[in-house]
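S.K.: So the protein sequences, as listed, match chains G and S. Residue numbers for the first sequence, in this note's numbering: 2 to 250. Residue numbers for the second sequence, in this note's numbering: 149 to 430.
If you are wondering where the hints come from, they were derived from the structure by calculation, not from laboratory data. It cannot be assumed that every hint is accurate.
Said to hold, decoys possible - Between beta-carbon pairs, the in silico distance windows are:
# : chain 1 : residue 1 : chain 2 : residue 2 : range
1 : S       : LEU416    : G       : MET125    : 51 to 57 Å
2 : G       : LYS74     : S       : LEU285    : 49 to 55 Å
3 : G       : ARG13     : S       : GLN336    : 56 to 62 Å
As the list claims (entries may be wrong) - Pairs of lysine-lysine, DSS-like flavour, derived with a Cα cap of 30 Å:
#  : chain 1 : residue 1 : chain 2 : residue 2
4  : G       : LYS134    : G       : LYS115
5  : G       : LYS188    : G       : LYS205
6  : G       : LYS136    : G       : LYS159
7  : G       : LYS233    : G       : LYS161
8  : G       : LYS109    : S       : LYS351
9  : S       : LYS365    : G       : LYS134
10 : S       : LYS197    : G       : LYS134
11 : G       : LYS115    : S       : LYS365
12 : S       : LYS419    : S       : LYS365
13 : G       : LYS188    : G       : LYS134
14 : G       : LYS136    : S       : LYS351
15 : G       : LYS74     : G       : LYS109
16 : S       : LYS419    : G       : LYS136
Ideal placement from N, C-alpha and C gives every residue a C-beta, glycine not left out.
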Amino acid sequence: MSTPMLEVKNLRKSYGSDLVLHDISVALAEHEVKVLIGASGSGKSTLLRAINLLEGIDDGQILLDGHDITAVKVNPDEIRAQIGSVFQSFNLFPHLNVLQNITLAPRKVHGVSKDEAEANAMQMLGRFGLADKAKQYPDLLSGGQQQRVAILRAVITKPKVLLLDEVTSALDPILIAEVLALISELKGEGMTMMIATHEMGFAKRVADQVLFLAHGQIVESGSAHEILESPKTPELQNFLSALREAGRL
Amino acid sequence: MTYQPSPLRLQREAARRRVSRQSTIVALISTLAIASVLAIVVTGAPGFKLVRQSFFSWHYAVSAFPHVLSGLWLNLRVMVIAEIFVLILGLLIALARTSHSPILYPIRLMATIYTDVFRGLPLLLVLFLVGLGVPGLQISWITNSAVVLGTTSLVLTYSAYVAEVIRAGIEAVNPAQRMAGRALGLTQSQTQSYVVLPQALRKVAPPLLNDLVSLQKDSGLISVLGAIDAIRSAGIETAQSFNFTPYVVAGALFVALTIPLTRFTDWLTRKQDRARVQQGQW
């Protein structure tokens, strides 16, 4: 088996006496999509933030394409430039228009010329039906459009891994659908992704594997079908029945 | 079919017009009443004639005007130069105070002490200390020009205020914005200059301009060091005639000079408020 694109080994993270990640090990092969599910506070977001080094870890190791990115001598800016991240709250830059938002990292981090960066961005926006929004400011876009722009901003630099942290949680159902369609398309193009989500139907559609997290541990993992149809642990059974009661499953 | 306003709508609109007409009339009457009371109190005062003669004499106003105006040219130059330096120095101090790099610790400490001291010191005292104290040191290569030292005092004092305003703006930018910048691979300083600062300066533009208006008016204080500005020119005229009208002329000119900037500040604030209401963030 070849080296995984991303490998997390025995990761441990606590805030003071609060243990949020407890001996987490995951490997993500190239082109693989893994979906993290679990209640809020189960550690999904912390795991994603630890992977792109926005969060320090207590113990363990994270390897990106075989290189230990948690080593002391590593420059975190260089690592983050190779990992795409999208957040629940979009976090587009409100003082920059869509085109400027998307071209900032290619120009300033990857040294692409302005013309080339803009040509790439326009082509990308065109492909996803957002070309007419290029000169607009984020505040004037719908939530779904903002989040799609945020995803394009993260993938324009061709990251080795794309991390999506509950990217549809702030959106209403119609907007969720357009964002999920974009993510499915990225999967079709072979993007390696780790996705934290509460959308079980979506998990079923894109996940090569689903990981269920509870109190900082991976309690169960398997295909979406296994996880959703035949949960083995009481934690997962409780989680799924709570979702069912809330009409989310 | 064309839209016919319902009688209900017409009735409502007529009532609104009635209320608005009434408001206008009330405002008019109240303004007139207060203006007449003021006029009666002031013009009826026993010393009114004397005050009018010594502060509002047309004759002295006309004769002092050219001198005061030429003094104002100095104020104008001082305020423009001081504003440029204040914005640069204020920005640098704000950046120093909000940095987290350990190598900048001594600079951060100095910046903190600086803003504490110069926001507390009365400007007049700074003018005396710098304008009279520095030449007193008798260092040959340091100028003893009242204009230069006076401008320096203004810059020292106002940079402290402006630095705090900019710092407040930097800290008001949502931390998630900084995180998003870092997540894209931007370095700390790239995030600061492309993501945080542009948003911070937009947020604090109105209070920043307000400080500059205040600086413009305080440029008249350099006259205490003997610089021949508008205030000093008015003083010279007054010393010859024992009539205070030249000071009033200087005051009117200062007001005229600051009005464009105050109007601009108001306009900018209103524009930002409107944008916020449109985005539903009010």
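S.K.: Next step is simple, just say for each hint if it's right about the structure.
M.R.: Here is how each hint holds up against the structure:
no.: 1; hint: LEU416(S) to MET125(G): 51 to 57 Å; result: violated, 35 Å
no.: 2; hint: LYS74(G) to LEU285(S): 49 to 55 Å; result: holds, 50 Å
no.: 3; hint: ARG13(G) to GLN336(S): 56 to 62 Å; result: violated, 27 Å
no.: 4; hint: LYS134(G) to LYS115(G); result: holds, 18 Å
no.: 5; hint: LYS188(G) to LYS205(G); result: holds, 13 Å
no.: 6; hint: LYS136(G) to LYS159(G); result: holds, 23 Å
no.: 7; hint: LYS233(G) to LYS161(G); result: violated, 33 Å
no.: 8; hint: LYS109(G) to LYS351(S); result: holds, 24 Å
no.: 9; hint: LYS365(S) to LYS134(G); result: violated, 45 Å
no.: 10; hint: LYS197(S) to LYS134(G); result: violated, 68 Å
no.: 11; hint: LYS115(G) to LYS365(S); result: violated, 44 Å
no.: 12; hint: LYS419(S) to LYS365(S); result: holds, 25 Å
no.: 13; hint: LYS188(G) to LYS134(G); result: holds, 24 Å
no.: 14; hint: LYS136(G) to LYS351(S); result: holds, 22 Å
no.: 15; hint: LYS74(G) to LYS109(G); result: holds, 23 Å
no.: 16; hint: LYS419(S) to LYS136(G); result: holds, 20 Å
Checked against the numbered hints listed earlier, the structure breaks hints 1, 3, 7, 9, 10, 11; every other hint is satisfied.
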